[in-house]
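Protein chains: 4
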Amino acid sequence: MTAADDARLILARLGVPDTAFSTGGLPCRSPVDGSAGSPVRVHDRSDVDAALSAAAGAFAAWRRVPAPRRGELVRLLGEELRAAKADLAMLVTLEAGKITSEGLGEVQEMIDICDFATGLSRQLYGLTLPSERPGHHMRETWQPLGPVAVISAFNFPVAVWAWNAALALVCGDPVIWKPSEKTPLTALAVHAVAERALARFGDAPDGLLQLLVGGRDVGEALVADPRVALVSATGSTRMGRAVATTVAGRLGRSLLELGGNNAMIVTPSADMDMAVRAIAFSAVGTCGQRCTTLRRLLVHEDVADALIARLASAYSTLPVGDPRAPGTLVGPLIDEDAVKGFEAALAQAVAEGGTVVVGGTRGEGSYVRPAIVRMPAQSAVVRHETFAPILYVLTWRDFDDAVALQNDVPQGLSSCVFTDSVREAEAFLSAWGSDCGIANVNIGPSGAEIGGAFGGEKETGGGRESGSDAWKAYMRRQTQTVNFSADLPLAQGVTFEV
Amino acid sequence: MTAADDARLILARLGVPDTAFSTGGLPCRSPVDGSAGSPVRVHDRSDVDAALSAAAGAFAAWRRVPAPRRGELVRLLGEELRAAKADLAMLVTLEAGKITSEGLGEVQEMIDICDFATGLSRQLYGLTLPSERPGHHMRETWQPLGPVAVISAFNFPVAVWAWNAALALVCGDPVIWKPSEKTPLTALAVHAVAERALARFGDAPDGLLQLLVGGRDVGEALVADPRVALVSATGSTRMGRAVATTVAGRLGRSLLELGGNNAMIVTPSADMDMAVRAIAFSAVGTCGQRCTTLRRLLVHEDVADALIARLASAYSTLPVGDPRAPGTLVGPLIDEDAVKGFEAALAQAVAEGGTVVVGGTRGEGSYVRPAIVRMPAQSAVVRHETFAPILYVLTWRDFDDAVALQNDVPQGLSSCVFTDSVREAEAFLSAWGSDCGIANVNIGPSGAEIGGAFGGEKETGGGRESGSDAWKAYMRRQTQTVNFSADLPLAQGVTFEV
Amino acid sequence: MTAADDARLILARLGVPDTAFSTGGLPCRSPVDGSAGSPVRVHDRSDVDAALSAAAGAFAAWRRVPAPRRGELVRLLGEELRAAKADLAMLVTLEAGKITSEGLGEVQEMIDICDFATGLSRQLYGLTLPSERPGHHMRETWQPLGPVAVISAFNFPVAVWAWNAALALVCGDPVIWKPSEKTPLTALAVHAVAERALARFGDAPDGLLQLLVGGRDVGEALVADPRVALVSATGSTRMGRAVATTVAGRLGRSLLELGGNNAMIVTPSADMDMAVRAIAFSAVGTCGQRCTTLRRLLVHEDVADALIARLASAYSTLPVGDPRAPGTLVGPLIDEDAVKGFEAALAQAVAEGGTVVVGGTRGEGSYVRPAIVRMPAQSAVVRHETFAPILYVLTWRDFDDAVALQNDVPQGLSSCVFTDSVREAEAFLSAWGSDCGIANVNIGPSGAEIGGAFGGEKETGGGRESGSDAWKAYMRRQTQTVNFSADLPLAQGVTFEV
Amino acid sequence: MTAADDARLILARLGVPDTAFSTGGLPCRSPVDGSAGSPVRVHDRSDVDAALSAAAGAFAAWRRVPAPRRGELVRLLGEELRAAKADLAMLVTLEAGKITSEGLGEVQEMIDICDFATGLSRQLYGLTLPSERPGHHMRETWQPLGPVAVISAFNFPVAVWAWNAALALVCGDPVIWKPSEKTPLTALAVHAVAERALARFGDAPDGLLQLLVGGRDVGEALVADPRVALVSATGSTRMGRAVATTVAGRLGRSLLELGGNNAMIVTPSADMDMAVRAIAFSAVGTCGQRCTTLRRLLVHEDVADALIARLASAYSTLPVGDPRAPGTLVGPLIDEDAVKGFEAALAQAVAEGGTVVVGGTRGEGSYVRPAIVRMPAQSAVVRHETFAPILYVLTWRDFDDAVALQNDVPQGLSSCVFTDSVREAEAFLSAWGSDCGIANVNIGPSGAEIGGAFGGEKETGGGRESGSDAWKAYMRRQTQTVNFSADLPLAQGVTFEV
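Protein chains in written order, with UniProt numbering: chain Y, 1 to 498; chain E, 1 to 498; chain A, 1 to 498; chain D, 1 to 498.
Hints may contain errors.
[Unchecked claim] Derived Cβ-Cβ restraints for the label pairs, each shown as a range:
#1 A:Asp49 x D:Ala347: 35 to 41 Å
#2 E:Pro376 x A:Asp302: 40 to 46 Å
#3 D:Ala60 x E:Gly25: 43 to 49 Å
#4 A:Glu79 x Y:Glu336: 44 to 50 Å
#5 A:Gly249 x Y:Ala86: 37 to 43 Å
[As the list claims (entries may be wrong)] To list a few chain Y residues with every Cβ distance to chain D over 10 Å, as calculated:
#6 Thr2
#7 Leu9
#8 Gly25
#9 His43
#10 Val65
#11 Ala67
#12 Lys85
#13 Arg122
#14 Thr128
#15 Glu132
#16 Arg139
#17 Pro226
#18 Gly249
#19 Val339
#20 His384
#21 Asp420
Hints in this document: simulated from the structure, not taken from any laboratory. Glycine residues also receive a C-beta, built at the ideal position from the N, C-alpha and C atoms.
Bound conformation, chain Y alone (with noise of 0.2 Å):
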């Protein structure tokens, strides 16, 4: 069976409808084999504005509802998504090539943030504090914001909108989703499961949750439209500069995931079992296609041929290919585009000097060969972020210059460190260490737990996701001071009487 009828079987089980599917819509071919599904019916600029009326309705009513009650749905949502977890993972596969246990994986990170929403939907914590007048209250009370735009990218193609959602609703707003254009068979899919979370849920309001499969046309039109409260957005620096500036340009609020460069440092008392396992994983894990994909490796020079070694013989027996089979650790890249940005950027590293080590060739359809290549130095294909899995590997001899490597590029969304010093860990998660969003030690740069707060800084964009207290971006923040005396102080002791 083609992987496009696997995902039509699965499709149907969770009850997507026929509607969403129309001749001359959104063509959807499977990584995994190339075969082609049903093509999703597009909306164009008429239905995103329908879509925010909708929204707009659905926030006046949903910001009454009680946040515990909002986090009951939240609560529910999280139960369909554990009972659907298999066939959405396997959707994941199907749509974005991912293995099977990266579906799996990304379905439960949906399920972890659902859980941890509802316990949120109690707190959404503002202050009370003292007045510096008698007979005063202060406090800061959190509010409903207003219609989330999320507009997701197809390597993590279901979580990030699960990220958004679970908070968004939680913290009394809206959702509007615009996937990628090339994963909308996953978006349909969830948002069916979503309807049987609302169905069970009784009285939310119409419109509270909606998908608007589309273009670029599409995704601009929410990112200008002033009804848009958020524009949550997950994508290329490209794209992420855009939507700031729109956004920025009405006065919104954005919420930018977008590229990292991430590296890691390995010192020489690393464990260098775990770095190479931790390597191999963040290397080449979702085929090199995840935001904290490890894409620089940088060793102090003592050990670098060692490692390199290891991790080349690691590379050469790399299981490649359908990301169904056990077994297999790489399915493909997204598309063909991506394989040819692979072999590029490439061609571009040996122009600059690198020495491939390991991979690098291309297979049948867009599989490839995760590639190791040795660079000379940080050079222009080393500072781009190129969705591949190519590892580019660097020395240096003293700790404060790793460092130095780590933080010299644009991108600043996660770093990490090997190494059992006390000293240099520290320092690399000190003040004038790394200067990413996300430092981590003994561990890659990828795979983040939904509790902590996600995302980086410079061109990655500065919004966080998911844990800690980034629901604060879904609300509104009002500093409240209510006067209960009969008198009319100043603050700061200003004197005016008429």
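Guided by the hints, dock chains E, A and D onto chain Y, whose structure is given.
Below, chains E, A and D alone, put in the same frame as chain Y:
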């Protein structure tokens, strides 16, 4: 003695060097009496470049200074501001036209934020949090961000700098200040005071606090430069929109405090004595030139006539005049342009059906008599922020309509209700109440305490300064995970074994 | 079918084993109809010792399980409680005499705290904070504490365990439960449900959740044993005082939820319809046997007569009877002793000058008619908590006096005011307002949500359970400082060089 | 000049009145040279009663003063302490025998906490949180608690008062201080300094800060009195146990800082130079009379001999003597009893198989030479806190055993590890690592910063003072719910309609 002479003496006493002035510089004319002081030397784009280089160097050093020690500098700054309070306050009066009590209040606000930031220097709390993986520790740490550019407006010529600088310094960031072209003298004076604190501190890096006097080109150069990690800009919505767009284009960070159009709702249960006093202060204080000035009065129709009559009476005897004089409550507008704006708005209001109840005339120089205008509807002029003492009055019958009126303007800074009803007060503070960043009960919209977060929504720009966790804008967040086990588990239960 | 028969069927359905019962055990007599079930096997001091050994072992293992994984057990517990909700609720009705809706509400509270604690399992936030010493990192981490003994009372026979157990489990602590001797059956049932969650979870250590049915000796043995890290005890002030003293003598930790003597202040602006309903529910719900039952009604003298008349009318038709019957609002007191206490208190009230307005008679078994007693002053009987449905009414003229009356009792659990005045409401909530742990406006004293911290001051014992940061009682705090520099600076600038 | 003469001059300079002294009062003998000063007038039980009445009155007024204004008093106290720093420090030296640098450090700690508490006065954050009921607002507010009794010990004769007083004042609580009978002079001096701050502040209520010099009876009267809302006691475990029991018996609140028995683990990867310096400071500083003094050295057997040799060498040349003399590192023990305790412990150690490596002799007066004793096992003397400079050394082979040794004492104050291994350091800081309230890496156990919470577990008493949220001990928490709807929903969906 002219105001300019007064100012000259104070500047000398505070130690502002002669080199700060130069012929051909920025002209300084006091709104108090129109007298002109020495022109202030202006900086150009090459000064901006030099300042940014110095700030980058200062950052590299300052971020390594322990935060509690950085707090000591801010504590010393607070001490020096206390010592110079009377002089600085008078200079605010002379240059910005504020009455004495308001000038003192503004300096007190600087002092308050220094005390607050000193305490904060041992907090800047991140989180420790449990990892889902055995033998792992997770932490969220806030790190210094980088140089901060502060662009301030004439109406709070010194406090806004202090709000930003006190927090930025404690957070580990150098500060470059571009004051309003209308108020360079107070900036020079504050910098002279800050120099004393730096001298007592001893070993702060060069370039930690810098002042750039200049026009639009200086501001633009700062805003566009990627070396500025955070642009904190206070001013008009037009200016803010430009700043936001430029900064977004380079994926930088901005903190905006833009226009307000602040309303008070008065309900029948309100204490009318207090309401009258609160309205008068918040509508005419600082001659209507606060961001939080009361501009819209929304009164229940049953109490409107009586309230307006009392206000008209109070307005008719308002002491307008030299702000240095004891008893004066209303000083001058900042300049001739402001007077023209005042007159134009009144004319437009009349054209839109409004009736001027009291005031609205201009006197000598830039002195005007504050106006009350009854409006038939929330027409264009009411929805626009005119930086002058005009109070538009509208009536309502149903409390929900009052809230709808309050929210139906593009700005979202401050708001308030006068009522003794728990139901009305709490509804105003609810998720479906005021949409502003500040919401008060039985207090005017004006006069925030530094302990709360200050700022607003919608066209006000979304930034928050001063208290609560506003300091987070001056830092970058880092999610850290440390694996201290001998194993390498992946989040979400993903398995991947080379 | 007798209540005892009903109970037997439910216990069997929930899987409580026969070994839980034994002749000579604790007699179980339902207050609903006096029917007797099988006696419950009791534990002795050697069981306590064995339980504590097992708990110590469980602690050593459980504290190493990542908190989010511990949260998964609590999530499963919530699922199992949802599945058993109707049965558990009916058992609460049968054993404690609560009406159906209250029985369901109590089980819902267990479910709510499980949802909350599941989210909490990724939080348990400590702090990262800046050190005053260069090259140092400071952190505050919350660590598991150790075995927790939960001593619960008959009136919330299952919810209080859940409040404690859900938090304790997530925090890393085993739980030993000693339920009230009056309600062992619900405890057995809950433990059977918990066993299912444990079975689904899979690898929880033995001894994680234990149940000890028994009398005073069992409680005393638990309280005195240093292996119990935290004693969480709910019950009378007399019991709490003994627990506190014993635990203090071994420098252990206790969390006490003791007596309340909860008042409502009614002011002239109150919505009297709502007040009547709130008073009725909070004074007669659970037959006056909640810790938060309304016991004192403090009414402004101008509205007292009218309010009392309405209450008398409502009381006179209160449906008292079998709590299983639809429509019943007042079930039985827990036992004959409680009835005697009810009668004795009424007699004392009359002796102290009170007038019984309505109710005060006893019916069959332990059914009584709730009483309203007008009192001339806050005399001894009013200041004492009688666990029965007696509402004392006092009047006042000045609001400050009302607050003083409210505070002038030894207990400090819950309190409320009915008013529409902002000034009165906020004064009640101010530093000089209610001295209780719970203070409500336009809500009765009873019926807290799990998101807030629950507990009270003075003789109520000072403990806090459930929401907010109540979880901290179940953990120990550790202040950690890591020096990663090559230097050894001392705090406060101390120098000491060998 | 004798130490007593020095002290007399300082007391006069600081304005301590003659009435503070009286014949027949508390004898004051300086441990520095044994010289005796004027006896200090002692208070009796009737003074305690009067003080408590005054404190109750002060509380009623002070809790109404806005917290930021209360913070201003603490800021002024900080200023006055800065001005008196040298005098106070010298008095600490003269009365408690600390070396100059430590005396200065102790006063600096007072200053630091004042700065911290000043900032805190605008925080004291409670929470706003979402209600599950429509039209309801929930809040958690922290309210002033009531009079605080501070019982302090001789070894930190002034800092501990400041930790408590600065927080208590800001929190709205009056403070009654009962200093150690061994150090009344520093208490008198500090109170004279505080009087200046009060005078500058202007309108603080009488009885806000009170000093009661006296013996056990004074302490007991304070502890037993229900008017004391919080007893904050620092001292021996024996004393703390008595305090805890008495306070528990009246259901009051206590904050205990009792004995420590602090260990350092040294692993092979430790920087031995740093370890030697850290050990020397923390074992002999304050002549071994800090609660956080290092008492147990747990060294890996491979590095033990070398480390002990270096320590023995350093100890053999330790400058013991007059603490006023430049260069002195070890001053006297506090009195003859302390010397006897020192000698007795050494004798017991030898009896238990220990070998005195260096030191252990006594000199003139109460001067002794710090001792290092190698012990075969963690025997009784090692598990007991002797307040004198004795360092017991034990060895281990496996890191887990080292942690077990560290934890296997009744006390739980401070602990540390010297290592450069991430695995060891983080394991030490983990849920299964150190069981102490303080855990350091590459820092001795001694010398906490005021920003962290200070205190310990087990027999150390569980209290926390100083930074983090230690201020919560000085306030009471109130959970507030406001219903602003026209409906009366019950939590947990309970229905109850009369």
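Hints, verified against the model:
The supplied range of 35 to 41 Å is met by Asp49 of chain A and Ala347 of chain D, whose beta-carbon atoms lie about 38 Å from each other. The supplied range of 40 to 46 Å is met by Pro376 of chain E and Asp302 of chain A, whose beta-carbon atoms lie about 43 Å from each other. Taken as a hint, the range 43 to 49 Å is violated for the pair Ala60 of chain D and Gly25 of chain E, whose Cβ atoms sit roughly 59 Å apart. The hinted window of 44 to 50 Å between Glu79 of chain A and Glu336 of chain Y holds, with their beta carbons roughly 46 Å apart.
At roughly 56 Å, the beta-carbon separation of Gly249 of chain A and Ala86 of chain Y lies outside the given 37 to 43 Å, and the hint is violated. The claim that Thr2 of chain Y is not at the interface with chain D holds, since no C-beta of that chain comes within 10 Å of its own (minimum 48 Å). Annotated as non-interface, Leu9 of chain Y keeps its C-beta farther than 10 Å from every C-beta of chain D; the closest such distance is 40 Å. Against the 10 Å criterion, Gly25 of chain Y stays outside the reach of chain D, whose nearest CB is about 41 Å from its own CB.
Against the 10 Å criterion, His43 of chain Y stays outside the reach of chain D, whose nearest CB is about 33 Å from its own CB. A beta-carbon of chain D is positioned within 10 Å of the beta-carbon of Val65 of chain Y; the least distance is around 8 Å. Residue placement check: Ala67 of chain Y does not keep its beta carbon more than 10 Å from all beta carbons of chain D (closest about 4 Å). Here Lys85 of chain Y stays apart from chain D, with its beta-carbon at least about 29 Å from theirs, past the 10 Å limit.
Once the 10 Å rule is applied to beta carbons, Arg122 of chain Y is inconsistent with being away from chain D; the minimum gap is 7 Å. Under the 10 Å C-beta cut-off, the non-interface status given to Thr128 of chain Y relative to chain D is violated; the minimum distance is some 4 Å. Here Glu132 of chain Y does not stay apart from chain D, with its beta-carbon only about 4 Å from theirs, under the 10 Å limit. A beta-carbon of chain D comes within 10 Å of the beta-carbon of Arg139 of chain Y; the shortest separation is about 5 Å.
With a closest Cβ-Cβ approach of about 27 Å to chain D, Pro226 of chain Y is found to remain outside the 10 Å limit, as its non-interface label requires. With a minimum CB-CB distance of about 33 Å to chain D, Gly249 of chain Y clears the 10 Å threshold, and the non-interface call stands. Val339 of chain Y, annotated as away from the interface, keeps every beta carbon of chain D farther than 10 Å; the closest lies near 40 Å. The beta carbon of His384 of chain Y is kept farther than 10 Å from every beta carbon of chain D, the shortest such distance being approximately 32 Å.
Residue-level check failed: Asp420 of chain Y sits 5 Å from the nearest beta carbon of chain D, not beyond 10 Å.
Violated hints for the displayed structure, listed by number in ascending order: 3, 5, 10, 11, 13, 14, 15, 16, 21.
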